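Peer 1: Single-letter residue listing:
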Amino acid sequence: MEGGISLTQVLVIGAGPAGIAAALNLARRGFFSTVVEKGPSIGGRASELCCKGVDECIRCDVCLSMDKIGDLVQSDHVRIMTNTEVIRVSGRPGAFRATLKRHEQLVNEDACVGCGACAEVCPVVGSAIGPCSMSGAPRTFRIDREKCIGLKNGDCQKCVDVCPTSAIALSSKSSRRQLVVGAIIAANGYEPFDPSREPRYGSVTCKDVVSAVEIEKSIFRTGRILVPSSGKTPKRVAIIQCVGSRDDRFGTSYCSKVCCKYALKTGQLLKRQDPETEVSFFFMDWRPYDLVDNELAEWAAAEKRVSLIRSRPAEVLDSESGKPLLRFASSDDERVIEQEFDLVMLSVGMLPPRDASGLSKTLGLRVTDQGFLQERRPGVFPAGCCSGPKDIAESVRDGISAAGKVASFLEGLH
Amino acid sequence: MSDRMRIVGFCCSHGAYSSADLAGVMRISYSPSVMIIRVPCAGRIDVLHILRAFRDGADAVFVAGCLEGNCHFEYGNFEARKMVEHAKRLLSDIGIEAERVEMFNVASNQAWRFPEIVGEMVSRVDKLGLSPLKKVIK
Amino acid sequence: MTPEVHLRKGDELISLVTSTRPARPGSRRLRSVAEDKGDRIGVFICRCGGAVSRTVDVDSVAAHAASLNSVAFVKVMEFPCSAGGRAEILEDIREKNLGRFVVAGCSPRTHEKIFRALAAKAGLNQSMFEIANIREQCAFVHVPSEATAKAKVLIESTASKCNLLLPAPYEQIPLSSRKALVVGSGLSAVVAASHVSDQGFGVILVDPRGTSNEGEANSIKAGESVELFDKTLQRLKSNPLVRMLSGSKVIEFEGHPGDFRALIQTPDGEEDIRCGAAILAFDASPTHAAEDRDRREITQAEFGSLLGSRVVKMENIVMIVSDNSSEETVGRGNYVDAVASSLRLKELLPSADVTIIGSEARMYGLHELDHIRAQERGVRFIRPKGEVDIKHEGGLRVLVTDASSDAALSLPADLVVRSDVLRFEDAKKVASVFKIPINARGFFVESEVRLEPGSTLNRGVFLCGSAAGPRLVSEELLGASTAASQAVSLLASPFIEAGGTVAEVDPEKCSVCLNCIRICPYTAPFINEESKAEIDIQTCQGCGICVGICPSKAIQMYGYTDAQLFSQASASLRGGGT
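Chains as they are written, first to last, in this note's numbering: chain U, 1 to 414; chain H, 415 to 552; chain G, 553 to 1130.
By construction, these hints were calculated from the structure, which means they are not laboratory data.
Small disclaimer: the values here were computed from a predicted structure and weren't measured.
Worth double-checking, as some hints may not be accurate.
Claimed, not checked - No more than 27 Å apart at the CA atoms, straight line, and that leaves these computed lysine-lysine pairs for DSSO-like: (1) U:207 / U:232; (2) G:987 / H:496; (3) G:1105 / H:496.
Stated by the list, open to error - Here are some of the chain U residues that sit facing chain H, going by a computed Cβ distance under 10 Å: (4) 47; (5) 49; (6) 53; (7) 56; (8) 57; (9) 58; (10) 65; (11) 70; (12) 116; (13) 133; (14) 134; (15) 221; (16) 223.
Where a beta carbon is used, it is the ideal one built from N, C-alpha and C, also for glycine.
Bound conformation, chain U alone:
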C-alpha cells in the first residue's frame, strides 16, 4: 500500500447478474468487494423474472443469478449493502473515496429475521410489509412507503409492537459512510420500458394489455399465464414486439436484443399450458439472440394456431366485450384488420438505468447518445446492461470480464 492506494478493495454497484458474477470472480482472486444495491433485494431484475421451462430447460438463464446468491451471501470476501446508493466519489484511480448513502432502515436489515409476524398484523389490505425479495435474499422484510398507514399518520404501530427482534423503527433516518476502494464496477442494470408511455397500446385503459414484465411475475407466482381480468387461461393471445425498442419517439432507436428470445419462450409456455391457445406474434424483424434463430418459424409451422404477422400494430382499443381489440395493417396487403384477443403481451424493451446520467457524473463515465454507460477513466468499469442491452448470460460474462479488467488495472498500479 502506498499513498492510500487500495489494491484489494473493489466497489461493485448493483447486485444483479453482472454484479454478482463480478464479485464472486474477484473473491476467488482474494479481492474484497462491497456490493452496493440501491434496491432492497439481491439478484437484480433477473430475480423478478421466472424460469419458463417445464421439464426441459429452455435456456432462459433466469436461474443463473438465483443459483449464485447463496454463494454471494456466504462469501467472506463480499460485503453486501442493500438500500444503499453511491452519492459521491472523490480521490483518484486506485484510491477512490466513495460516499455511500444508506436509506432509512424502517426495517433494520441486521435485526430482521424474516419471520413474517409483522405481515400478519398489518391492517393494510394486501399488507404494507412483506419479504423484500422474491429470491429469498436477503431474507429481511420491507415496508411499502406508499401503503404504510403508520408512516402517514403515526397511529399504527402494530408491526413495531409485534416484531420479536425489535427490528422495525418507523422513524429511522438514513445514514452515510465512506469507503476507500481501488476500483469500481458499475453494474447498475437497466430499466424496462414503461408501456404507459405508449398510450396507443392501451396498457393503462385495458386491464388485459400487460407488459412482459407483468407476465413474468405471474409465472413466478403461479407458473401460469392468466388473463388479469378473469383469472382464466387465455384462448387468444397477441404478443407485440418492439414496444419501446427501435422507436425514435422514445429515444430508443436500438434493438433491445432479448425481447424476441423471451417472447418466443413465453409463447411456447402458453402453448404448453394449453395447446388450444391461439398465439399471434406481431414483429418487424425476428432476431432472437439465441443459438437457433429460425426456431420461431419452425415451431410455428409445427404447432397449430400460431401465427406470425410481420406488422407493427397501430393501436389496441377496448372492444365492446371488454376485450382488447388490436388494429393492424395486414402483412400481405395494406388492409387494416381488427382482431379481438383475451390477452395482449407487450414485449417491452430495455432502457438505460434511471440513474445512468447521475452515476456517470459521480463516477466519471461516458454516456452514449442512447444513454448507456461507457468506460472513460481508468479504474471505473461498466458491466452488464448499463452499457447496452444484454441477456443474462452475456451480463454474467460481462461481469466476469469486468472483474478481469479490475485485476489488470490494479496489477498495473504495482
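Since the structure of chain U is provided, determine the placement of chains H and G on it from the hints.
Peer 2: Relative to the frame of chain U, chains H and G by itself:
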C-alpha cells in the same frame, strides 16, 4: 405403524431443494406429509433408495432433479429418470401401482413448482389409498 | 434439441481413460484425526428470533431430540449462525466432547459454509455436521400443529444420518504452475492471451497455424478485427510474460487445475510444459470458395480484404445474406457482417449502390444503430420471397422478388458478396486431447453449469472463440476476456480445494466393469495399477451418478452413502414419536 400419509421426495440440491426453499420464503404451503431428502444430484439416486422407502412405509416416492439440459452435473437427471422408470417396472411386478413413484424436473427459481409436485403426489395417494405395504410392516 | 455427442461415451475412447495411471501418492484414504469422539451428537435448535419458534414448539422438539438414542446434547438457541451463537456451539462441542452435530434451522443452501467452517474450527472434520431445514421447509410452509410434528421427524431423520457420517477427505493443494496455456491462432487467442498477461500472469501461447509468426491475419474475420489482431499480437511479442510457440500443437494434456502437463510439438521437436489452466481459443475460419467459381461472386471475408486494400471500383454491389443457422454456415453474424462492410464501402466510395438481401435483419442490440446508419446512407434492404437467382450472361444480374411489394427485381451487380461459410476443422482432435465433448455440429461444448461461462467438463480448461459456439466479433472479444478472467481467478487462488462430498471405490468389491468410467461426466474414475477402479478426488465433482450405477455396490460417496440415505429416509418415515 401409523396410518398417516408419508411421501418421500429425493430432491436435488440445486433444483428441487432450492425450489422448496423458495416456496418457504414465499410462504406457499404444501402438505406436511412430504419428507425431503437432500441429494447432491438426482443422479445419486439408486433404485434401491426408492424400493427401501416403500419397504419402510412410504405411500409414494418422487425424485426431483433439475430441468433436462440444466443439470449441474450434465446428465444426472437423465440417469435419475432411468432409475425411476426401472423402479416403476419393479413395483408393478410386485403389485404396487407404478403411479406411486415419479420423476420430476424442477428449476431452482420455480417457487410454485415444488408445492405443485407435492400436491400431485398427495392426490395420487388420495386416489390409490395408503401403501398396501403399510399393513405388513411394523 | 440437437443430441450432443459426448466424446467419452464412445467405446473406442474407453482405452483413453482406462490406461493405467498411478494414484497420486498420499492422497487417498487420509482421514482427519479428530474423529473418534464416539457417537456423541449435539443438536442445536434455532428459534431464529421467532421465525421458527412462532410456528414450531421448539421446546417440545428439543425434548423429542433429547429422547433419541444417538443424541447426547440438545440446546435451543436464538441464532446459532450469529457470531455469538457459533462461539456458544464451539464451546459446547469442546466441553461436552461432541463428535458431530446437527443444526436445526435455516436451509443448508444459505448456511452450510458457515457451519462447515465452524466444524473445522472445533477440530472436527468439516463434514461432521448436518443441517435440518426446519425454517424454509417446515416453519414457513406448515401450520403450527403440523410444523412441530414435522420438525421432530426432520431432526430425528437428520440425526440418524448424522450418526453415520464419515470424515471426508479435504485437501488444499498448492498450484504447481500459475501460467496459462492459450491455444489458438485467431483473434480470440491473442486477445485472451493479452488479458491473462495484463492481469500479471504468465502465458504460453500455442499457435497451431503459425499466424503469430507470419503476421498473417487471413484466418480471421473481415473488418476492424484485422487491425485489432495485429495490434494485440505486437503487444504480446514484446511482453516478457508471454511465450509464443508458433506452428505448434498440443499433443498430450493431462493433470488437474493448477497442475497440468502438456506435451507440445513445436517445429523444433517436442516440449514438455507445465501450466495451471488452459484456454482453448479456436475461431472458426471462413473457407475459400471453390476455385472454378465466377470471380465476381465472393465471400464477405474476401470482400473485407478487398476493402482493406482500399481500391474498390465496383459501383453495384449486391450482398446475399444466408440464414444464420443454414447447414453450411455457423455464426449469427451474417447480417451484422454485411451491414458493417456496406458501411465501410460507403465510406470509401459514397456513390456505390449497395443492396443487402436477407430474410431477417438480424441486427442485435446496439448493432441496430448500424442498420439505421446504413439506411440513411442509402443502402437498399430487400427481404426476399422465394429463391434468389443470379444470371451470369454478360454482366451479373441478381433476380429477386421483394417480399413486401411482391415486385420482381433484376439488380445489376459488379460483385455479389455472400455470407462467409465458417468451418472449424480440428475440433475432434483438439477435443480428444483436452477431453472436451463436442456436439453434433462440431463445436466444443461448454459445461452446463451456467454461472461459470467458458468453463468445461475438464475443470481448469476454459473455452472461448467461435469454435465454442456461434459468435459475433463483439462476442468473441467478450468471450476471450471472460475466459481469461476465469482462468486467472483460478491461477490467482491460493490453493485448489479438493475432496468433500466425493465418491470412493472399495477395491475389495470392485469388479472392474468400467460402468463408472463410462458414466462419469468428468473422467474422475480410472483403473489403477492394482487393476481396480479408483476415483480421483481432485476431478470428482460429487454428483454420485457412479454410486447408483455400480452393480457391485463398490462405490460410496462421502456425505451421501447408501447407509446414510437409507437411514435418513427410514427415520423420516417412522420417526416423530407420538
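Peer 1: Does each hint hold? Answer for all of them.
Peer 2: Do the hints match the structure? See the list:
1. The suggested pairing of residue 207 (chain U) with residue 232 (chain U) holds, with an alpha-carbon distance near 13 Å, which does not exceed 27 Å.
2. Restraint check: the Cα-Cα separation between residue 987 (chain G) and residue 496 (chain H) comes to about 26 Å, which is no more than 27 Å; the hinted pair holds.
3. Distance check on the hinted pair: residue 1105 (chain G) and residue 496 (chain H) sit about 18 Å apart at the alpha-carbon level, within 27 Å; holds.
4. Nearest Cβ of chain H to the Cβ of residue 47 (chain U): about 8 Å, under the 10 Å cut. The hint holds.
5. Hint status for residue 49 (chain U): holds, given a least beta-carbon distance of 8 Å to chain H, under 10 Å.
6. At its closest, the beta carbon of residue 53 (chain U) sits 5 Å from a beta carbon of chain H; the interface hint therefore holds under the 10 Å criterion.
7. Annotation: residue 56 (chain U) was flagged as interfacial toward chain H, and the flag holds, the nearest CB pair being 5 Å apart, inside 10 Å.
8. Because the beta carbon of residue 57 (chain U) sits about 3 Å from the nearest beta carbon in chain H, less than 10 Å, this interface hint is met.
9. Annotation: interface hint on residue 58 (chain U) holds; nearest CB of chain H at approximately 8 Å, less than 10 Å.
10. With a least beta-carbon distance of about 9 Å to chain H, the hint placing residue 65 (chain U) at the interface is held under the 10 Å criterion.
11. Because the beta carbon of residue 70 (chain U) sits about 8 Å from the nearest beta carbon in chain H, less than 10 Å, this interface hint is met.
12. Satisfaction of the interface hint for residue 116 (chain U) is found here, the shortest Cβ-Cβ separation to chain H being roughly 7 Å, below the 10 Å cut-off.
13. Interface restraint check for residue 133 (chain U): the shortest CB-CB distance to chain H comes to about 8 Å, inside 10 Å, so the restraint holds.
14. Interface hint status for residue 134 (chain U): upheld, as the beta-carbon distance to the closest one in chain H is roughly 7 Å, under 10 Å.
15. Taking 10 Å as the C-beta cut-off, the interface hint given for residue 221 (chain U) holds, the closest approach to chain H being about 7 Å.
16. With a least beta-carbon distance of about 4 Å to chain H, the hint placing residue 223 (chain U) at the interface is held under the 10 Å criterion.
Hint compliance for this structure: no hint is broken.
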